[in-house]
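Could you build the full structure based on these sequences and the hints that come with them?
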Amino acid sequence: DRQTLLAVLQFLRRSNLRESEEILRREARLLGDDLGAAALSPAGTGLLGAPGGDADSTGGEALLSRVTAAAAIAIGGSAATLLLCADAFAVGGAVVVEDQPDVSAVLSAYNQQGDPTLYEEYYSGLKHFIECSLDCHRAELSQLFYPLFVHMYLELVYNQHESEAKSFFERFHGDQECYYQDDLRVLSSLTKKEHMKGNETMLDFRTSKFVLRISRDSYQLLKRHLQEKQNNQIWNIVQEHLYIDIFDGMPRSKQQIDAMVGSLAGEAKREANKAKVFFGLLKEPEFDVPLDDEDEEGENEEGKPKKKKPKKDSVGSKSKKQDPNAPPQNRIPLPELKDSDKLDKVMNMKEAARRVRLGPECLPSICFYTFLNAYQGLTAVDITDDSSMIVGGFADSTVRVWSVTPKKLRSVKTAADLSLIDKESDDVLERIMDEKTASELKILYGHSGPVYGTSFSPDRNYLLSCSEDGTVRLWSLQTFTCLVGYKGHNYPVWDTQFSPYGYYFVSGGHDRVARLWATDHYQPLRIFAGHLADVTCTRFHPNSNYIATGSADRTVRLWDVLNGNCVRIFTGHKGPIHSLAFSPNGRFLATGATDGRVLLWDIGHGLMVGELKGHTDTVYALRFSRDGEILASGSMDNTVRLWDAVKAFEDLETDDFTTATGHINLPENSQDLLLGTYMTKSTPVIHLHFTRRNLLLAAGAYSSQ
Amino acid sequence: MEAPKMASPKSAPKDAQVMAQILKDMGITEYEPRVINQMLEFTYRYVTTILEDAKIYSSHAKKSNVDADDVRLAIQCRTDQSFTSPPPRDFLLDIARQKNQTPLPLIKPYSGPRLPPDRYCLTAPNYRLKSLQKKVSSSAGRITVPRLSVGAVSSRPSTPTLGTPSAQAVSVSTKVGTPVSLTGQRFTVQIPSSQAAVKSATPTTPTVQNVLINPSLIGPKNILITTNMVSSQNAAGEGGALKRKHEDDDDYDNL
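Heads up: the sequence lines are chains A and B, in that order. Under the working numbering, the residues of the first sequence are numbered 1 to 705, in order. Under the working numbering, the residues of the second sequence are numbered 1 to 255, in order.
These are computed hints drawn from the structure, not numbers from a lab. Note that the coordinates shown come from a computational prediction; the quantities given were computed from them, not determined experimentally. By construction, the Cβ of each residue, glycine as well, lies at the ideal position given by its N, Cα and C atoms. Misleading hints may appear alongside valid ones.
[Claimed, not checked] Once the Cα atoms are required to be at most 25 Å apart in a straight line, the calculated DSS-like pairs of lysine-lysine come out as: (1) Lys192(A) <-> Lys55(B); (2) Lys487(A) <-> Lys99(B); (3) Lys192(A) <-> Lys24(B); (4) Lys193(A) <-> Lys24(B); (5) Lys276(A) <-> Lys254(A); (6) Lys127(A) <-> Lys223(A); (7) Lys681(A) <-> Lys613(A); (8) Lys108(B) <-> Lys283(A); (9) Lys24(B) <-> Lys166(A); (10) Lys24(B) <-> Lys197(A); (11) Lys99(B) <-> Lys276(A); (12) Lys487(A) <-> Lys24(B); (13) Lys14(B) <-> Lys345(A); (14) Lys342(A) <-> Lys108(B); (15) Lys338(A) <-> Lys24(B).
[As the list claims (entries may be wrong)] Covered by chain A, per the in silico footprint, the following chain B stretches (three or more residues, Cβ under 8 Å): (16) 38-51; (17) 62-71; (18) 105-112; (19) 115-126.
[As the list claims (entries may be wrong)] So, partial list: chain A residues that the calculated Cβ filter (under 7 Å) puts toward chain B: (20) Gly174; (21) Cys178; (22) Tyr522; (23) Ile527; (24) Ala529; (25) Asn563.
Here's what the structure looks like:
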């Protein structure tokens with residue numbers, strides 16, 4: 001408010017309206033008092049008539065309109081009336097008739113006694129103009145419809161013109177694009193100002209700028225039209241609520257635009273996607289793989305000591321020098337590798353050697369784990385990296401852990417018994433386990449609401465679960481008890497995931513933020529705020545330096561763990577995002593949403609590179625195969641589809657698209673990329689997992705239909 | 001989802017029809033039939049709560065009728081109470097900026113399971129064990145023995161010492177000669193005590209008086225006094241097997 005007033009005072013000073021400035025200064029101390037709106041119209045015209053000269057008036061008008069717009073929103077019109085009353089004294093009867101229609105148009109929308117019915121006229125006027133414009137511009141200018149419609153409607157509601165808002169909505173809501181229908185339904189229930197107070201998403205929408213990307217030609221056209229006729233109202237709204245990102249080049253076609261729009265915040269500004277992202281992988285430490293000759297089946301012979309080279313991980317041995325796209329090793333602190341981790345890596349490498357190379361000719365076998373008798377209560381599933389355990393989070397607030405292998409789940413012995421065992425023996429890790437507690441299933445109780453996300457730690461010692469009760473719980477998989485409850489979100493937490501290196505984990509919830517935690521801090525280390533609606537999906541990048549969050553505002557954002565900045569914004573989905581998957585090489589991101597499309601993004605360039613159409617319902621699970629050749633997607637339409645990832649990304653190697661404008665021309669090649677569709681018998685697929693040997697595991701709960 | 005088995009419009013009561021229409025307007029097409037009942041219950045409860053509150057406000061303002069302002073006030077108060085909404089965006093951006101400025105803490109290597117301080121964990125035992133008491137029928141004389149309070153008095157679980165506030169216990173143990181810090185041992189202390197004496201002794205004196213563990217009394221009547229360790233569960237179990245009197249009124253006396 002203060003700044004508004006200062007701006008107005010400055011304007012008055014500039015226009016040599018000393019008296020009104022004085023009056024305003026005096027009256028500003030009485031801010032908030034209701035002033036007669038009767039002095040409005042004549043005073044308003046006086047104000048605008050006073051600064052003579054066209055150049056001045058357009059500048060002043062713009063400033064005034066912005067100021068009044070801001071003031072109207074902030075103070076509810078009292079500042080505008082204040083300003084105008086003040087000027088009534090100064091200017092007196094010097095009414096300039098020519099400017100009158102402009103002014104009344106400006107003012108009428110922002111005061112309580114104005115004429116909101118003019119809104120419909122403005123909107124239909126704009127509609128008419130856009131429909132009559134050239135084809136090449138029409139698609140781009142049509143982007144204006146939705147944000148203008150919503151903002152005008154919200155203005156009417158906020159200023160409590162209920163009936164006008166209703167008729168405005170009735171008349172124009174059918175014109176909007178089909179993918180905005182869900183939003184419009186929510187809007188139709190917001191009819192009073194009080195309704196808006198509890199709806200944080202709509203409030204955020206009102207205060208944030210909707211981004212539109214329009215070519216320079218189209219923009220000039222629009223600007224000229226809005227400024228020449230008496231369409232200042234729309235021009236005001238455009239300036240106030242929209243951010244128009246102008247680019248030089250060909251106007252986009254409807255198809256191109258449709259691919260990229262859909263989110264609640266419009267598109268992404270080009271500069272939002274320009275920051276450097278280290279999408280490379282961290283170097284794996286190289287160490288010798290002890291070669292067990294029984295396992296290797298004669299691949300290496302014992303009798304030739306000279307040839308006994310340690311088997312290195314294929315990724316790590318490629319280059320000794322630093323990958324320029326990889327983050328420095330110590331960019332974020334990571335836990336050290338323990339002996340058990342090293343053993344695990346050795347196992348991983350051995351399994352990797354036996355891995356099946358997948359491709360269009362060699363599709364993976366799919367093994368489906370169906371949860372029976374879950375009564376639609378299965379809400380989250382996770383599988384350990386070595387595929388030894390599977391966990392299910394349920395709507396009855398339990399977390400159940402099963403062992404997938406024949407080896408049962410055991411908890412460690414009690415402290416008394418532990419003191420009795422021989423600590424020096426080789427099989428101490430088996431001795432610490434209590435045989436009496438061996439079972440296939442362990443149930444973990446503790447949450448007080450449905451469990452919406454689960455995640456195993458990479459070393460299989462811990463399990464995370466997040467729930468509607470607002471907490472994230474850390475469970476020990478050695479004692480099968482709850483260790484910590486992390487309280488921070490006070491609202492349902494929709495997803496959580498451990499970092500690929502352990503120690504850190506991320507959670508995202510209804511409070512529209514994602515939080516980064518470490519297991520040994522009871523408060524979050526980073527808060528990623530920026531989404532306009534709930535954060536529904538959170539994933540770590542393979543190098544643990546970035547976090548991708550998908551939200552109900554239909555955007556996907558990539559955040560830097562080091563400083564919490566948002567480095568990428570990806571728009572294009574038409575529904576809340578429910579699944580995210582990073583490719584194993586760290587360069588690409590696949591996202592799935594309720595619109596049934598899977599979108600592929602190049603992280604380095606910040607562009608959409610592929611669109612996979614085929615699913616007819618929400619895509620709840622996405623996973624790349626271990627070497628990134630196949631992308632598997634699982635959906636509520638009871639199918640698992642396999643897509644050729646190599647082919648989807650291959651034309652990017654040439655790197656020839658215009659990164660300056662960020663335009664994409666997506667080929668309609670979904671059919672070519674689809675390698676197979678596998679249907680279940682009425683079981684929605686909610687989790688996918690490639691084992692270390694590239695066998696695909698899927699999980700879902702049987703729902704009798 | 002099961003096919004919605006909605007009651008035919010003719011037979012459903014009016015408000016159920018209205019609720020079904022509301023659900024349809026909000027775009028919810030698939031729901032179990034019980035949802036309508038739940039929504040109606042919620043509506044009834046909410047509206048009656050608001051109207052009751054409004055009646056209270058209007059009678060406080062000495063008005064004869066409940067009017068719209070009272071209802072508005074009632075709604076506002078209830079909204080702040082039960083239907084809270086997440087923090088606004090500028091607040092979130094502010095705290096995010098603050099949190100994100102501090103650098104990530106370095107990780108100490110080889111520090112065991114990385115968990116927050118014990119106070120913030122759920123690893124403390126949430127129970128404590130009662131000591132066993134027996135009424136001494138034929139013992140000679142009454143020995144004023146203050147009650148041993150054992151168990152998880154403090155929230156710090158790891159130190160297996162006897163409860164801190166009871167200096168009684170400490171002195172008893174020292175008399176007996178066992179070390180104060182137990183490491184899974186169990187030790188037996190014979191405390192023939194009488195109820196009345198105990199009750200009078202406890203509130204007055206925290207210090208021990210006349211505690212002489214008469215070795216002659218240590219006999220077959222063994223009382224196992226165990227601390228709050230997981231290991232001691234076995235001990236407690238055994239003690240229970242021997243003799244146990246449930247003296248429920250002792251539970252909250254002495255801590």
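Within the stretch 38-51 of chain B, is the number of residues with a Cβ closer than 8 Å to a Cβ of chain A three or more?
The restraint on the stretch 38-51 of chain B is violated, since only 0 of its residues have a Cβ under 8 Å from chain A and three are required.
Per-residue hint verdict: Ile527(A), partner chain B, C-beta under 7 Å
Result: holds, 4 Å to nearest chain B Cβ.
Any CB of chain B closer than 7 Å to the CB of Ala529(A)?
holds (4 Å)
Hinted pair Lys24(B) and Lys166(A), Cα distance within 25 Å:
holds (19 Å)
Supplied contact hint for Tyr522(A), tested at 7 Å Cβ to chain B:
For Tyr522(A), the interface hint holds, since the closest Cβ of chain B sits about 4 Å away, which is under 7 Å.
Taking 25 Å as the top limit, are the C-alpha atoms of Lys487(A) and Lys24(B) close enough?
Outside the cut-off at roughly 36 Å; violated.
With 7 Å as the cut and Cβ atoms as the points, is Asn563(A) at the interface with chain B?
holds (6 Å)
Is the hinted pair Lys342(A) and Lys108(B) satisfied, with a Cα-Cα distance of at most 25 Å?
holds (18 Å)
Satisfaction of hint between Lys345(A) and Lys14(B), Cα-Cα up to 25 Å:
violated (65 Å)
Is the Cα-Cα distance between Lys127(A) and Lys223(A) 25 Å or less?
holds (14 Å)
Holds or violated: Lys108(B) to Lys283(A), with C-alpha atoms at most 25 Å apart
holds (21 Å)
Straight-line Cα separation of Lys338(A) and Lys24(B) no greater than 25 Å?
Not satisfied, since the Cα-Cα distance of roughly 57 Å exceeds 25 Å.
In the structure shown, a violation is registered for the earlier hints numbered 5, 12, 13, 15, 16, 17, 20 and 21, in ascending order.
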